[in-house]
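There are 2 protein chains.
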Amino acid sequence: MCSTSSASRTITRRWTVAQADSQRFGARLEEAVDQFGPLCAGIDPHEALLDAWGLSVDAEGLGEFADRCVEAYAGRVALVKPQAAFFERFGAAGVAVLERTLDALREADTLTLLDVKRGDIGSTMAAYASAHLGPQAPTHADAITVSPFLGFGSLDPALDLAEASGDGVFVLALTSNPEGGQVQHARGDDGRTVAESIIAAVTERNAGEGRFGDTGLVVGATTGKDIADLGLAEALAASRAPLLAPGLGAQGATADGIARAFGPAAGLVLPTSSRAILAAGPDLSALRDAVTRTAGEVAAALPQP
Amino acid sequence: MCSTSSASRTITRRWTVAQADSQRFGARLEEAVDQFGPLCAGIDPHEALLDAWGLSVDAEGLGEFADRCVEAYAGRVALVKPQAAFFERFGAAGVAVLERTLDALREADTLTLLDVKRGDIGSTMAAYASAHLGPQAPTHADAITVSPFLGFGSLDPALDLAEASGDGVFVLALTSNPEGGQVQHARGDDGRTVAESIIAAVTERNAGEGRFGDTGLVVGATTGKDIADLGLAEALAASRAPLLAPGLGAQGATADGIARAFGPAAGLVLPTSSRAILAAGPDLSALRDAVTRTAGEVAAALPQP
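Protein sequence lines, in the order shown, are assigned to chains A and B.
The first sequence finishes on residue 305 if you use UniProt numbering, and the numbering steps up by one all the way, no holes.
The second sequence finishes on residue 305 if you use UniProt numbering, and the numbering steps up by one all the way, no holes.
So here's chain A without its partners, still in its complex pose (with noise of 0.2 Å):
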């Protein structure tokens, strides 16, 4: 009778636990790359794109492309990133159709990471954090991007709340465009470079989750080079960080390359598409093809524990 007892109150102690981590971000993108592998598919809905694809550049046309990226990526793919910039072109209409696209991605099981680069201070950040994290946000996804240049310490509203909601965080640490090197690669006075100073933020923010932690980095997947001179494939490898890596196809980046580039911490990486795979629209079946055979791709090329 006691020992039925202990074994009950481990039973509900384990499906607590259970449920617990299966609520966290982190858990969550385990799980859906484990089944579809690390790709990202972005939504980009760039003017270029919207007249290839024959729509309208207005909300409506913006509106008619989100949809058939839901049903082209839904269940194809671990994660899916809307760029906030091509929504919010459009104004109040525009971001009542990234609402939607992010609904229905919700409700398709399939995770989304929502590129709006946020940053800024105190119930400043936090009011941008509740426009997106939790489940009370209008315009919710799983996980978004913010901009440490205020100070990786000024984000702390967001991963609170990230934490607290069980959604995700991806923090802006090493990006490919040429410029980036003014501010990522500048030095502190303890010697180490902002970008690494981010990595170790992040990484001491992961200390104890499992594979993935619920607080990402952004590292470009064409920045191999600065990853190699900086010396920070062994800190990427220990930071538990989902690396957020745009760049695949249309930057010039292969799945193969982005395995060499990240070395030890290749397991980590998603991998970004958005054009390579965008420019099979309009066409459903052949953008689900491209969705398809891309997320083949990267999980063949990067190894997965």
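None of these hints come from the bench; they were simulated from the model.
Keep in mind that the hints are not guaranteed to be accurate.
If chains are identical, the list can't say which one is meant, so a pair holds when it fits in one copy or spans any two.
Said to hold, decoys possible - Using 25 Å as the maximum straight-line C-alpha spacing, the simulated SDA-like pairs for lysine to any residue come out as follows:
| no. | residue 1 | residue 2 |
| --- | --- | --- |
| 1 | Lys225 | Gly122 |
| 2 | Lys225 | Asp109 |
| 3 | Lys225 | Ser197 |
| 4 | Lys225 | Asp34 |
With chain A's structure known, arrange chain B on it following the hints.
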């Protein structure tokens, strides 16, 4: 006849130059500062302020709050700064309120600076800029704030659109929060801090312009010690950059303190007050009194050419 024709050409040219000047953001800002003093009044609809004003914490309460700010601020201050995060937290409905607020201030000939701190690269940065700058923008402000974590050069699409459309851009440089130093005080290979290299890039952009160039800087009102420690007062004074200085009132900065801290650059400073003014609401006449009194104090304390 020849002299008449020459005079006529001269007048035509002067008129054209004057017209072009008055369309430029820097020139419009100069006119506004001459008329009202340099105060920038914030619209920061925190949840706590909505509560304090007896308004509902939703897009409807937000709309009433913003309408009241427009009534109190229009025609009483050089520049009004809505904080995008507090509108975006209500999703598309909040962005619709923001659009209405910016339009109402424009109709009242009061300049607007939308505090959005956007930052990205290439076509994404261009999309953010087109959301807010230029006459076709759905959420059109006279200027926006941007974040240079991806390097100053990444901001070119926004700076170029602002220049072409007669709007302005304020670049984050030296913020007042303690964590900001991690990034902004870090030094590049040339020994300059990130803040200094951003000030230098803005100075280059504003070369040959009048009192205010079209490209501004965000420098916290309480960063006096950093300005002195980093030796940046002369560089700021030479930048022709309007210097948005948040922190008057609620964060402890005074107009006299700003005049001392910014030294030779004090004539470029636009001190921003949000909470200290908004605390006078919701009564409209009390709010108007607070704006007028604060604008007067700021104009008296800061040297104007």
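Taking the hints in turn, this is what the structure says about them:
| no. | hint | in the structure |
| --- | --- | --- |
| 1 | Lys225 / Gly122 | between (35 Å within a copy, 21 Å between copies) |
| 2 | Lys225 / Asp109 | neither (36 Å within a copy, 51 Å between copies) |
| 3 | Lys225 / Ser197 | both (18 Å within a copy, 24 Å between copies) |
| 4 | Lys225 / Asp34 | neither (29 Å within a copy, 51 Å between copies) |
Checked against the numbered hints given earlier, this structure breaks hints 2, 4; the rest are met.
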